[in-house]
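Given the coordinates of chain A, work out where chain B should sit on it, guided by the hints.
There are 2 protein chains.
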Amino acid sequence: MAVYTEVGDGELIEFAAEYDIGEVLSCKGIAEGIENSNFALTTSHGSYILTLYEKRVNPDDLPFFLGLLDHLAVAGIPCPTPVHGRDGRALRQLCGRPAAIVTFLAGMWPRRITPDHTAEVGRALAELHLAGGEFTMARPNDLSLAGWRPLLARSDSRADEVAKGLAAELSAELDVLEKNWPENLPSGIIHGDLFPDNVFFQGGRLTGLIDFYFACNDMFAYDLGVCLNAWCFEPDLSFNITKARRLLTAYRKVRDLSVGELDALPLMACGAAMRFLLTRLYDWLNTPAGAMVTRKDPLPYLARLRFHAGVNGPADYGLG
Amino acid sequence: MAVYTEVGDGELIEFAAEYDIGEVLSCKGIAEGIENSNFALTTSHGSYILTLYEKRVNPDDLPFFLGLLDHLAVAGIPCPTPVHGRDGRALRQLCGRPAAIVTFLAGMWPRRITPDHTAEVGRALAELHLAGGEFTMARPNDLSLAGWRPLLARSDSRADEVAKGLAAELSAELDVLEKNWPENLPSGIIHGDLFPDNVFFQGGRLTGLIDFYFACNDMFAYDLGVCLNAWCFEPDLSFNITKARRLLTAYRKVRDLSVGELDALPLMACGAAMRFLLTRLYDWLNTPAGAMVTRKDPLPYLARLRFHAGVNGPADYGLG
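These protein sequences, in sequence, are chains A and B.
Heads up, the first sequence is in my numbering, so the first residue is 1175 and it goes up one at a time.
Heads up, the second sequence is in my numbering, so the first residue is 1175 and it goes up one at a time.
It should be emphasised that the hints constitute simulated quantities derived from the structure, not laboratory data.
This structure is a prediction, so every number in the text was calculated from the model and none was measured.
Beta carbons: idealized from backbone N, C-alpha and C, even for Gly.
Among the hints, a few may not be true.
Quick list of the computed label-pair ranges, beta carbon to beta carbon [as the list claims (entries may be wrong)]:
1. B/G1339 <-> A/Q1267: 44 to 50 Å
2. B/R1263 <-> A/P1314: 52 to 58 Å
3. B/E1192 <-> A/P1237: 24 to 30 Å
4. A/P1324 <-> B/E1197: 44 to 50 Å
5. B/K1427 <-> A/T1461: 26 to 32 Å
6. B/E1408 <-> A/G1241: 41 to 47 Å
7. A/T1277 <-> B/T1288: 29 to 35 Å
8. B/D1194 <-> A/D1235: 42 to 48 Å
9. A/G1262 <-> B/E1408: 39 to 45 Å
10. B/V1350 <-> A/T1277: 54 to 60 Å
11. B/A1191 <-> A/Q1267: 27 to 33 Å
12. A/E1408 <-> B/T1277: 50 to 56 Å
13. A/Q1267 <-> B/L1411: 28 to 34 Å
This is chain A alone, in the form it adopts within the complex:
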């Protein structure tokens, strides 16, 4: 739940007048997202999402994020499209924060994941990777290999509060990742955070991809690693090979994987599990009890990490 900045009616009406979106009819804070303040904005022209960017987003990254959404929307990716003001700008200030209006996407994120969902996600991810090809801006992935060792160092001394031996296990696993991380796999724009709550469906069809605030340039196979973690484990943390097979097969129908990518999949999935484990671990240890944000348990990512570390090859993901 998150609305960090309250937007007054007067300020909003003045803000909205910079756009060609008609008269403001209502604006309600949405209890979703933990990074920014989001509002369901209804005008005489239709429905929009108004976002005020809060402290956790670097304002210098906003032109990249909004430019990327512009680019992807033109390419037919079902993502929020920034609405540009009469002056051409998509980004301006509201209540002292950077703010933007984007189009509203129909659909709901799925709570009970089926193999049909993962097939849709695989297809959409490949389409996203292809569509990002012509985008000219770039943003490095702060949360990839080079970032993990420093991130672990920030939780190191207290990691064993969460699970005994955790610090040592993660350090050893980082050794493996650092030794084997590939450098020359196909790369481009990745979503970086394509979890179920960032994907909308309607009547079984994927209707929207949202929350591009971790998008960056990195290996496409790493994005698949994120999705294997996000979509293919059951609530009891068992791996569902059918969901993985459907996800990867649907992906390959749109963008086939090279031999190098296939071989690297287990390592990419380990890396992705490490990334979410480390950020959750840090947040877990540093979020005061009773804070307005719900802490997410890091340990399910330790189970995922161990699974991928034990995978022998693509066949364990249902391929081949």
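Chain B alone, transformed into the frame defined by chain A:
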């Protein structure tokens, strides 16, 4: 901010199928209201609000609240209208909670109150009082005179943590209220909580009254007392007589006040200030620091109480 119950896509689609509202397009938790979980529900037929009633609402009161909204909507009051299912029922279960769908009202609540706003509120309040006349169900006001002494008793021992001498001052003021509280003033359905965040405006016109979960049977003049407290004090707690005059004058154009009501206004306003002071005081002393709910400072209601206690008559509210 409040969404206490998360509603899954599958459960929602099944729930919505009981109504004639078309296909569900989206459903987003709204970060407003502290009593219930509210969602902005969009379907192929339009926009609605879905409410799941949480613990603070007594389920036995729900037929009264929903019946009242049905009644008021028919009478032309701009309030949320319950949507009835194909079986005729407006109230059913979702995620183990009582739940209802109501129509969506355009407009935003005003952050900077002007005398034009208070005139609109006065008119709408009188229309509401008249429209409630034919409603056949009844609900006593738990938070009126008989409830205040027990409510104070629950905070008594710690009231002086908030302001020195507060317990004694409130007890003395309760003596005055108990001694003078009238019994025979015109009564009927009152809103009971008509604060700015429960009133929507658009282009200066009042477009909606919401949040009827304190509605009950009580004296109309008491509802005016609530509004004098809610709408006619500036942020520095000074009383704005122009706002009061506009509110009361607009009210009287629709439903005139008897001599008894006019005379009782200061006492009614004292009582209303006492009611909000006592509930806020209790919540202030009993809400853990860092809870998901923002505590509201009770002391601005002490200032209001003192103001009304010093009023000599209707002239001090701008009536001449």
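Here's how the hints hold up against the structure:
1. At roughly 46 Å, the beta-carbon separation of B/G1339 and A/Q1267 lies within the given 44 to 50 Å, and the hint holds.
2. Look at B/R1263 against A/P1314: about 56 Å separates their beta carbons, and that is inside 52 to 58 Å.
3. Separated by about 46 Å at the C-beta atoms, B/E1192 and A/P1237 break the suggested range of 24 to 30 Å.
4. For the pair A/P1324 and B/E1197, the supplied restraint of 44 to 50 Å holds, since their beta-carbon distance comes to about 48 Å.
5. As the Cβ distance of B/K1427 to A/T1461 is approximately 54 Å, the hint placing it in 26 to 32 Å is violated.
6. Look at B/E1408 against A/G1241: about 45 Å separates their beta carbons, and that is inside 41 to 47 Å.
7. Roughly 34 Å separates the CB atoms of A/T1277 and B/T1288, a value that falls within the hinted 29 to 35 Å.
8. Separated by about 45 Å at the C-beta atoms, B/D1194 and A/D1235 satisfy the suggested range of 42 to 48 Å.
9. For A/G1262 and B/E1408, the Cβ-Cβ distance of about 41 Å falls inside the hinted range of 39 to 45 Å, so the restraint holds.
10. At roughly 58 Å, the beta carbons of B/V1350 and A/T1277 sit within the given window of 54 to 60 Å.
11. Checked against the given bound of 27 to 33 Å, the beta carbons of B/A1191 and A/Q1267, roughly 44 Å apart, lie outside it.
12. Separated by about 40 Å at the C-beta atoms, A/E1408 and B/T1277 break the suggested range of 50 to 56 Å.
13. Under the hint 28 to 34 Å, the C-beta atoms of A/Q1267 and B/L1411, about 31 Å apart, fit the expected range.
Of the numbered hints given earlier, the model fails hints 3, 5, 11 and 12; all others are met.
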